Amino acid sequence: MKYLTYVFYLEAAISLLSGFQSFFMPATFLKQFTADPAPTLAIEMTRWYGVLLFAMVYLLVQGLRIRGSALKLVLQGLLLGDIFQIAATFITARSLGGWSFVLYMSVALSVIYAILRGICLWKPVETGID
Numbered sequence: 000m001k002y003l004t005y006v007f008y009l010e011a012a013i014s015l016l017s018g019f020q021s022f023f024m025p026a027t028f029l030k031q032f033t034a035d036p037a038p039t040l041a042i043e044m045t046r047w048y049g050v051l052l053f054a055m056v057y058l059l060v061q062g063l064r065i066r067g068s069a070l071k072l073v074l075q076g077l078l079l080g081d082i083f084q085i086a087a088t089f090i091t092a093r094s095l096g097g098w099s100f101v102l103y104m105s106v107a108l109s110v111i112y113a114i115l116r117g118i119c120l121w122k123p124v125e126t127g128i129d
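All residue numbers for the sequence shown refer to numbering that gives the first Met the number 0, where the first residue is 0 and numbers rise by one.
What you were told as hints is all true, and nothing was included just to trick you.
Derived lysine to aspartate or glutamate pairs resembling DMTMM-like cross-links, with alpha carbons at most 20 Å apart:
id: 1; residue 1: Lys71; residue 2: Asp129
id: 2; residue 1: Lys30; residue 2: Glu43
id: 3; residue 1: Lys1; residue 2: Asp129
id: 4; residue 1: Lys71; residue 2: Glu10
I should point out that these hints are in silico values taken from the structure, not numbers from a laboratory.
Since the structure is predicted, the reported quantities are computational estimates derived from the model, not experimental observations.
All chains should be built: construct the whole structure from the sequences, respecting the hints.
What follows is the structure, encoded as structure tokens:
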């Protein structure tokens, strides 16, 4: 079970790539969701989303490096985020009038991450987070 935490390194890499795209190419990032042109405010809010992703990746990587209570706190926060991410994805799909590949992947990855975070928090010694 100690290999479960390696998934979080993959999560950090995916989030870092998403952070770079949303920060440096926000219009391209948004086109993954819909072909509709995005207004300026949406583009700039997407850039701020990239800022949050960079902070999240930093905290996740540091938590993985330090382990113990630091990683538990990070995983708890991200688990809460997973729940909101899933809810937000359903709201977004309804607003857009359908599901894109990115929305399906958002739900799938969030469910996988949430399950793995739950396992790690439930069995910290066995999974190597403690």
